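With chain R fixed as given, assemble chain U onto it according to the hints.
Residue numbers (this note's numbering), protein chains in the order written: chain R, 67 to 557; chain U, 67 to 557.
These aren't lab readings, by the way, just hints derived from the structure by calculation.
Each hint should be verified, as a subset may be incorrect.
One copy or two, it doesn't matter: identical chains are merged, so the pair holds either way.
No farther apart than 30 Å at their CA atoms in a straight line, the calculated lysine-lysine pairs in the BS3-like style are these [to be verified]:
(1) K125 with K156
(2) K269 with K536
(3) K130 with K157
(4) K332 with K236
(5) K269 with K545
(6) K450 with K82
Note that the structure is a prediction, hence the values are computed from the model and not measured.
2 protein chains.
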Amino acid sequence: MITQELTIYNTLQKNKEKFISLIPEHAGLYVCGPTVYGEPHLGHARPAITFDLVFRYLKHIGYKVRYVRNITDVGHLENDADEGEDKIAKKARLDQLEPMEVAQFYIDSYHKAMDKLNVLRPSIEPRASGHIIEQIEMVQQILDKGFAYISNGSVYFDVPKFDQEFGYGKLSGRVLEDMISNTRELDGQDEKRNAADFALWKKASPEHIMRWNSPWSIGFPGWHIECTAMSTKYLGEHFDIHGGGMDLIFPHHESEVCQSTVANGKESVKYWMHNNMITINGQKMGKSLGNFITLNQFFNGDHAMLERSYNAMNIRFFIMQAHYRGTLDFSNEALIAAEKGMLKLNAADKLIEKLPASNNSSENISEWVKRCYEAMNDDLNTPKLIAELFDASRIINSVKDGHLQLTASDIDLLKENFRLFYYDILGMVPDTAAVQGEDVTEKLMDLILEIRQDAKTNKNWGVADMIRNKLTDAGIVVKDTKEGAEWERKN
Amino acid sequence: MITQELTIYNTLQKNKEKFISLIPEHAGLYVCGPTVYGEPHLGHARPAITFDLVFRYLKHIGYKVRYVRNITDVGHLENDADEGEDKIAKKARLDQLEPMEVAQFYIDSYHKAMDKLNVLRPSIEPRASGHIIEQIEMVQQILDKGFAYISNGSVYFDVPKFDQEFGYGKLSGRVLEDMISNTRELDGQDEKRNAADFALWKKASPEHIMRWNSPWSIGFPGWHIECTAMSTKYLGEHFDIHGGGMDLIFPHHESEVCQSTVANGKESVKYWMHNNMITINGQKMGKSLGNFITLNQFFNGDHAMLERSYNAMNIRFFIMQAHYRGTLDFSNEALIAAEKGMLKLNAADKLIEKLPASNNSSENISEWVKRCYEAMNDDLNTPKLIAELFDASRIINSVKDGHLQLTASDIDLLKENFRLFYYDILGMVPDTAAVQGEDVTEKLMDLILEIRQDAKTNKNWGVADMIRNKLTDAGIVVKDTKEGAEWERKN
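The shape of chain R in the complex, shown without the other chains (with noise of 0.2 Å):
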């Protein structure tokens, strides 16, 4: 059964529309996911996390889930150009290494970091070059249909024949005759009939290394047939929700389109949705630019532009913190700040285990639980939701302090969905520090405070200050409370 209703902007029709499977209670979810030839990067933790969101909430509202993320690993050319070397191989080129090593070795390093990023693994994560004779047979079912052309081995999609058909443009509102008489001027040399046509099928160069045999050449596939290819492949001709960041609207979403249409005999996907994209100090991110922080680099504060490290849950509030539809500017200042609010967070969550139950609640907590809900249903609210998990910490904190009360059954209620937002759907990990180590940690602690506590009744105050100055030094804070001494991390 499906227990809430759902409300997500669909750039297709530039709406917030209701969430409705094209199957009850399944739901289809297709994301491009990344290049592999350079490591993971602030703007791939993004549309990673917002997709995440999507697939944990569909998940829990319950939505059974298929949902697809693509590794491209062959024809994505530099510029996201038809011209130019493959990103992949012109890497091992440079690396002396067979191009599937790089795209092994960078697929490794994505899933390290989405895995420090708590992002759950797709249920299906296909690659373009296992996926090579689905392409072809999807090109050859374009051809057969008379919207592409082959020319000199290679095989183009027929932009304006499209346009006459279908209309261009739907998804990016681009229209044929600007892109046209924005572009030079073909020089008779080139391949193409028509400027805004791309490539379907490239016939390869002789020093480009991936190549495969077809009717048309030995050659490879153009970068956006992959996608189309591939989510018919696992999630059929008409599906629910294809997802990913919003500068992949032109011209990859909208070549899907035209493929799709046109091999499918129909649009392909109900909904589409679009992260917005992250900038650094305002600038957008860019090798050139030397903004450019990789994932790992957040972790271990190793890049001129940072100030400290990060760790990976800090990073995963900070993203969610804005709506996945905004932009996000990345400083330092901005990253601390989203800390300071996790910390906050953790710390109400252990508090919840400790609060008195008083015989009568002041707050009415299940209208708490409605309003969460309520946040997450209107496109994913992230940011009005995380002001809500506020609400519920300064609730926390004012019953402990007696100025609030609740009854034991809305304590529960109040930790049970404190911790189903913040951990199941938030996807936040239970505590940034070792979570292994922990146990041994609070045993210790337990230790430590009986002492300091049995020296501070003796009046021992040398040891009481040796035992705080030491604990300092260890990252961990204690403080006094009528119930005794508690104590955090730091960091």
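Frame of chain R; chain U shown alone:
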């Protein structure tokens, strides 16, 4: 520069041979990876660790290694035969999933378990389903050369013809006549001309989900062709080492020999290496025998045959204590014994830091280093190497107790090589406890031991006892030595 002379046992020659790579200073290694339709178990750990050792050692002695380990996600039929249901498709049917969801799920489980065992990721991890074109092309080559035939849309390798021309059974020692007389007569309905023939391509029955177009039928590749196609693609027609479990020699590897001999015009593999099997209390492991234990069950102790949980380093150490070509029998006793040995070496590693230097050495450490290399050079004799590490542990403890002497430079030499062999080459991880939490634990323990020392100095025995008891409870044992108190974790 290659710094050591390695010999390895070549199953093809039934002899230990000097390892000389085809291209100087480069080594190509292909290992049969998992068929991903179930949780990884002890039987997966042994080949993974065995060839992880090969990978690590080849790199250490100076080779640039390209290590390819495949994933079988299609074509492996039940009972390793040419008839029956695909193992992954069957699991998918039972679980109502897309076959690639099943494959992805168990690929992820496999990776997680291998990461815990500190098995390095291979350079390339190709999937069978991602190399259908390459397999079809190789089948076509074999057909073109006359060593295969088409029967009802399927393609079979002609084993008697191969036997006549090249001699069958070089690797496994199987004699074709015996094989034929041992199998049932073909009843005339069979697609195969001869019972010893094996499938290169199978026409898909209507219920078979995984299927691709080919020149012969819509179908799927036979199990054996994937490894020949992928090893040829990523390592070339002639490469150094092919590894796998002994149970794969026949029919899988013998079939690979047939395929590559015909397709590439020569045998592809210079050295065939095979690890022996694992038994459980003397029995073969099998789902029907109730003694099938997954790696996660070992890690959490959740199986009727397990007396407790065993961490991943304990499993790794246990496997390496036997030579890879010997059988290895699992029992709780054997694993607990392995843990004792491992903890002894872990403790020795901690002690090395604190050894007192003398003016003369009573031990010849250079000779010890030489013996460690000799062990590894002798067909990766890890039990011998581990015995040498125990000898080092004995030396370390004796130096600490003042019974033996080492100079400062010998202590350094011992430390460097002890860690090289234990951590880098055997792939053990510095501490089995949570490494991340260790820092805080160290600091808290420093504080606790300081308080304890004060208590003892002040003859405050109550506090000293209380501390000892609580530490025992936290799994920490304190030992008083003349250099002061030392502590170590139990488990």
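Hint-by-hint comparison with the structure:
When the C-alpha separation of K125 and K156 is checked against a cutoff of 30 Å, the pair qualifies only between copies, where the shortest distance is 25 Å, while the shortest distance within a copy is 40 Å. Proximity of K269 to K536 under the C-alpha cut-off of 30 Å is found in neither arrangement, the shortest distances being 67 Å within a copy and 72 Å between copies. In this assembly of identical chains, the alpha carbons of K130 and K157 lie at most 30 Å apart only when taken from different copies (18 Å versus 39 Å within one copy). Taking identical chains as interchangeable, the C-alpha atoms of K332 and K236 lie at most 30 Å apart only when both belong to the same chain, with a minimum of 13 Å there against 56 Å between chains.
Proximity of K269 to K545 under the C-alpha cut-off of 30 Å is found in neither arrangement, the shortest distances being 69 Å within a copy and 72 Å between copies. Taking CA atoms no more than 30 Å apart as the test, K450 paired with K82 passes inside one copy only; the shortest distance there is 17 Å, against 68 Å between copies.
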